[in-house]
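Chemist: All chains should be modelled from the sequences, with the hints used to inform the complete structure.
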Amino acid sequence: MTGTVLTIRQVDAYHAMTVVAPAIAERFRPGQFVAISVGGTGSPMLMRRGLPIHDVKPDYGGTVEFVFPADLPGAGWLAERRVRDSLDLVGPLGRPFPVPRDPVHCVLVGSGYGSAGLFMLADRLQQRGSRVDFVLGATSADRVFGALRARRMGQTATLATEDGSLGVRGRVTDVLPQVIEDARGDVVYACGPMAMLRTVAAVATEFAIPSQVAVREIVGCGTGVCMSCVLPVIGEDGITRMVRSCVEGPVFRGERLRFDDVGTIPFDALGAPGARGPVEGFRER
Amino acid sequence: MSADMRTRLSHVELPNPILTAAGCGGSGRELSVFYDVSRLGALTTPSITLAPRAGRPTPRTAETPSGVLNAVGAQGPGVDAFLTSDLPWLLQQGARAVVSIAGGSVAEFVELAKRLTEQPGVSVLEVNLSWPSMEDRGRPFAADASASAEVITAVRAAARFDVPVFAKLAPDVPDVVAIARACVAAGAEGLSLINTVPGMAIDVDAARPALAAVTGGLSGPAVRPLAVRCVWQVHAALPGVPIVGMGGVMTGRDALELILAGACAVAVGTANFQDPFACPRILRELEEALTARGIERAAEAIGLAHRPSERQPR
Ligand SMILES: Cc1cc2nc3c(=O)[nH]c(=O)nc-3n(C[C@H](O)[C@H](O)[C@H](O)COP(=O)(O)OP(=O)(O)OC[C@H]3O[C@@H](n4cnc5c(N)ncnc54)[C@H](O)[C@@H]3O)c2cc1C
Ligand SMILES: Cc1cc2nc3c(=O)[nH]c(=O)nc-3n(C[C@H](O)[C@H](O)[C@H](O)COP(=O)(O)O)c2cc1C
Ligand code: FES
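Protein chains in written order, with our numbering: chain A, 1 to 285; chain B, 1 to 314.
It is worth saying that the hints were derived from the structure and are not from the lab.
Incorrect hints may have been included.
Stated by the list, open to error - Which residues of chain B face chain A? A partial, calculated answer using Cβ under 8 Å: (1) THR58; (2) THR61; (3) PRO65; (4) VAL72; (5) GLN75; (6) ALA212; (7) ASN272.
What the hints assert, rightly or not - Have a look at the derived ranges for each label pair, beta carbon to beta carbon: (8) THR139(A) x PHE277(B): 32 to 40 Å; (9) VAL11(A) x ALA212(B): 32 to 40 Å; (10) PRO22(A) x SER309(B): 49 to 57 Å; (11) ALA23(A) x ARG29(B): 16 to 24 Å.
Stated by the list, open to error - To be clear about the criterion: a stretch of chain B counts as covered by chain A if any three or more of its residues have a C-beta under 8 Å from a C-beta of chain A, and this derived list gives those stretches: (12) 13-26; (13) 30-41; (14) 49-56; (15) 274-287.
All residues carry an ideal CB built from backbone N, CA and C; glycine is no exception.
Modeler: Written out as structure tokens, the structure reads:
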């Protein structure tokens, strides 16, 4: 699928690109992502970059905006695109955030450019009458994405930076318990790096409330054919499977994702190496 | 006028020569979101194993210049789930299935060949010989002519008589023609060339291997010259044997290169990751490339680059 670049702008440490892509805009649900091909025809970079969608607008038949960090491999090429250039992007991909039918109190946690994935969700939640409180953070002020918009939209917006350059000194998860308490939060939504999602899920569990966490980085096909993006997830039937975060995610219930086992194949996962597996230490192709 | 794209894998006729490569086209359902998979010459399944497999730990793939390193480890549901769910779905779509099989022993290959061909539905069995042999301390069958031949003899005997058996070979052997000959002598009706090549990348910032499994198989345009060389050498030695060529095909022109080297069909792997529409696009581009060269039937282009040079010695 091809889109046409409408705008590209720098937002502190990140770039935000708006692309005319009516087919994606039309079907988008908050939590879904776009998979972008970088480098153009004959590119040496063969994997797509899955990125959270920041905004969807009806202009020009439908536009989508996504945000990427300057250190994303291929960011240089992407940032050099100009208005009216065409861009190869596929989407919307993945399963969206489940949105409660009835009004509830929602705490939305984002770190780095992961925050970008939360604003369309906030919009949808508020349309349903839910209360939204934001917690945004990053290592430093220039890496906190969307602080202004969060302040405008949220009932409250709590900011945290590791160097103290904006808001509270610390991590988003340091301030999250207080926000859940003050807002009487019923559910937590989060988008950010894996380590942050893990802590968010743990905090939600302490409060005995559900969490919906969105995996931020997906490098691969984005469509479910390359098997790069698997995570150990506990299914409805209690069985752990290695599931693809691009098709079965990127949104998971926090308590179903086995954060401690990410990067491993848990011994009790379906099809984990056992008596029948290949000889350890040898690779199959 | 458009070219006649039909081709044959042994006695099995395909409407066109573009296939997905094993492990790169999913179960077919994933790509069917983008196009009708019955438009493919055939869909090659990921290598099917007897038991379900969770695969290797992550990171499983790494991007390298014009390539992808992978150590997915054949994550899959196992033969039972494949037979009850994935295969019937493919057939329902009107798609043709080349079913790749992988086992750790000759007995496992035999069991898979039997189970999969008990009922009709499998167009071709592709034997993934790059799998480590449990009986030979994890050495891939494909590394050795006699080990490869042993598997092929057993699979040929176990599979239904009317299902062609294709041996999928690895390029990282001193003499790919010797392995190809041994497989054909053992009863393989055709050959699939090439599987991935062992490689490794290190994340320099983290100073650690990029893959959890340390090494992985390299695919993509980086390996295309290896694929062209293997297809060329094997076609020259065994001109009557059908070859499914693969390795780094990104465009119709790349597919034509493998056909000119001697492939009668071309499988597309890594390109599906970059472009979910890769297969139908490559088919269209191949058709255009043939027409532009005045070639009316795809079959006429098979091995065309082997024709004697027209240049006369002075
Ligand atoms: C498609 C893609 C591919 C990428 N490939 C690479 C690559 O090949 N190599 C590479 O090095 N990077 C890669 N990256 C990563 C990316 O470049 C950087 O991780 C990213 O830029 C970090 O920036 P950020 O501002 O979003 O920071 P974040 O990582 O979001 O910022 C850190 C913040 O996260 C929160 N946080 C982090 N850890 C915890 C914790 N344990 N508990 C609580 N909170 C926590 C804190 O609020 C902290 O301030 C890739 C990213 C993408 C999207
Ligand atoms: C992620 C991935 C998974 C693969 N899985 C299999 C497999 O299960 N069985 C097999 O025979 N080959 C497998 N292959 C090899 C491909 O089928 C193909 O031979 C190889 O990638 C070269 O083609 P390409 O460069 O077009 O990808 C896999 C390749 C990749 C990249
Ligand atoms: S990114 Fe390829 S399967 Fe998820």
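Chemist: Give a verdict on every hint.
Modeler: Results for each hint:
no.	hint	in the structure
1	THR58	6 Å, holds
2	THR61	4 Å, holds
3	PRO65	5 Å, holds
4	VAL72	5 Å, holds
5	GLN75	5 Å, holds
6	ALA212	6 Å, holds
7	ASN272	5 Å, holds
8	THR139(A) x PHE277(B): 32 to 40 Å	39 Å, holds
9	VAL11(A) x ALA212(B): 32 to 40 Å	34 Å, holds
10	PRO22(A) x SER309(B): 49 to 57 Å	53 Å, holds
11	ALA23(A) x ARG29(B): 16 to 24 Å	20 Å, holds
12	13-26	holds (count 4)
13	30-41	holds (count 4)
14	49-56	holds (count 7)
15	274-287	holds (count 3)
Consistency with the previously given hints is maintained throughout, with no hint failing.
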